[in-house]
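We have chain A; now place chain P onto it with these hints.
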Amino acid sequence: MTLGYVAVCVAVGIGTYLFRYLPTRLGGSAGGRAMRGPLGAFLANVGVAAVAALLAAALEPFVEAAWRSGDLRSASAALVGLAVTFGVFRWRKGVALATLLGALAYGVVWWLAGLG
Amino acid sequence: MAALYPLALRLALVSSPAQRPRFGGGLAASLPIALAYFPVAVSFGVAGAKAGFSLAETAFMSVVIYAGASQFLALALLAGGAGPLLAVVSLLALNARHLLYAPALLERLRRGADEAYARLRWPWLWAHGLTDEVFASALGRLSVRGARWSEAWQVGIGLGAYLAWVAGTVVGAVLGGGAFERWPAVDAALAFLMPTLFLSLLLAMVERRHWPVVVAAVGGFALGSTLFSASTGILVGMVAGGLAGAFGRAGGAT
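In order, the protein sequences belong to chains A and P. Here this note's numbering is used: the first residue of the first sequence is 6, the next is one more, and so on. Here this note's numbering is used: the first residue of the second sequence is 10, the next is one more, and so on.
The following block holds chain A by itself, in its conformation from the complex (with noise of 0.2 Å):
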């Protein structure tokens, strides 16, 4: 391991870190000023926003590849493993199952329409 190697994983992890801990210096009465209002607002709703701009950066390099190579078999898959994922949920109300078992159709569509 060299010290190049340890010196980002360490920046980046300290620095990750303070990202996640420093807001909490927020909490508390001064906290709760600053968070009435348009920024309380925002804050109430950055958490849906997050979630769905992460799901958009996970499925993006699936829809890249699928429209730079026009092959509709991977798209297909993607597109079956999200309904399965939806259809799980919706069911079981259960964000594991529902993870475990999108994934899941994802391969064997993807093993099935001869993609490996």
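These are computed hints drawn from the structure, not numbers from a lab. Some clues are possibly wrong.
What the hints assert, rightly or not - Coverage of chain P stretches by chain A, computed from C-beta distances (three or more under 8 Å per stretch; other residues unrestricted):
hint, stretch
1, 39 to 49
2, 129 to 141
3, 201 to 207
Stated by the list, open to error - Anything over 12 Å on all C-beta distances counts as not near chain A; from chain P, calculated:
hint, residue
4, 95
5, 161
6, 176
7, 187
8, 192
Here the structure is a predicted model, which means the values were calculated and not measured. Glycine is no exception: its CB is placed at the ideal position from the N, C-alpha and C atoms.
Using the frame of chain A, we list chain P on its own:
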């Protein structure tokens, strides 16, 4: 929303929503996240081995950074010979969205009039585990009217997810770069875990009034990633969605 509570929430209810949850409840609530993290972490460990990193190097990154998307990016940057400064700046830019998680969580507590909000003692401890999925699960728990929260619960859910991530990384690194060469479909399914995880989390959080937030977030991501990069797109999407919620119909408590 009542029909959409995540499994994490149900497992957390070793105590009822109205009781102050304990450390064990947090560990139980981490189970769905751990189940999803573990295979993703295995694929990270395998990717690290494929990129030429040792078991110690790959595990060290998971222990110290503990942020999945940026760790995959780190492998690509470092294996591609990017300079340390460029790597650090790029990875921190990707993780800057975490700045918004603790304030969003604390705002939910304040709106729920949970007195835990006013006397935080261990934020330095549970903040380390405030990843995308842990944040979303904590927010999901607090979506229940009258639900309580505690720092011990937050430490528990964070610790369970963290251990799964580190353990999965070690397993993947031990398996090595050729682990799934004979089973490319397994490799493909593992690669699709992140989209299904985020879709599940979104379904657990979203209500009808949030759709403008979702549309703005996806549009913001598309714009930011087209003009700049995917990590910039995530930040733009978060800000656009938050603004749409603040000034649009979704405006009030979430």
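The hints, checked one at a time:
As drawn, the stretch 39 to 49 of chain P meets chain A at 6 residues by the rule of a beta-carbon pair under 8 Å; at three or more, the given contact holds. Check result for the stretch 129 to 141 of chain P against chain A: holds, 7 residues qualifying (beta carbon to beta carbon below 8 Å, three or more required). By the rule of at least three residues with a Cβ nearer than 8 Å to a Cβ of chain A, the coverage given for the stretch 201 to 207 of chain P holds, with 7 such residues. At roughly 10 Å from the closest C-beta of chain A, the C-beta of residue 95/P falls inside 12 Å, breaking its exclusion from the interface.
The Cβ of residue 161/P sits about 15 Å from the closest Cβ of chain A, beyond the 12 Å cut-off, so the non-interface label holds. Distance to chain A confirms residue 176/P as a non-interface residue, since its nearest Cβ pair spans about 16 Å, more than 12 Å. Chain A leaves residue 187/P outside its interface by the beta-carbon criterion, the shortest separation being 15 Å against a cut-off of 12 Å. A Cβ of chain A approaches the Cβ of residue 192/P within 12 Å, the least distance being about 9 Å, so the stated non-interface status is violated.
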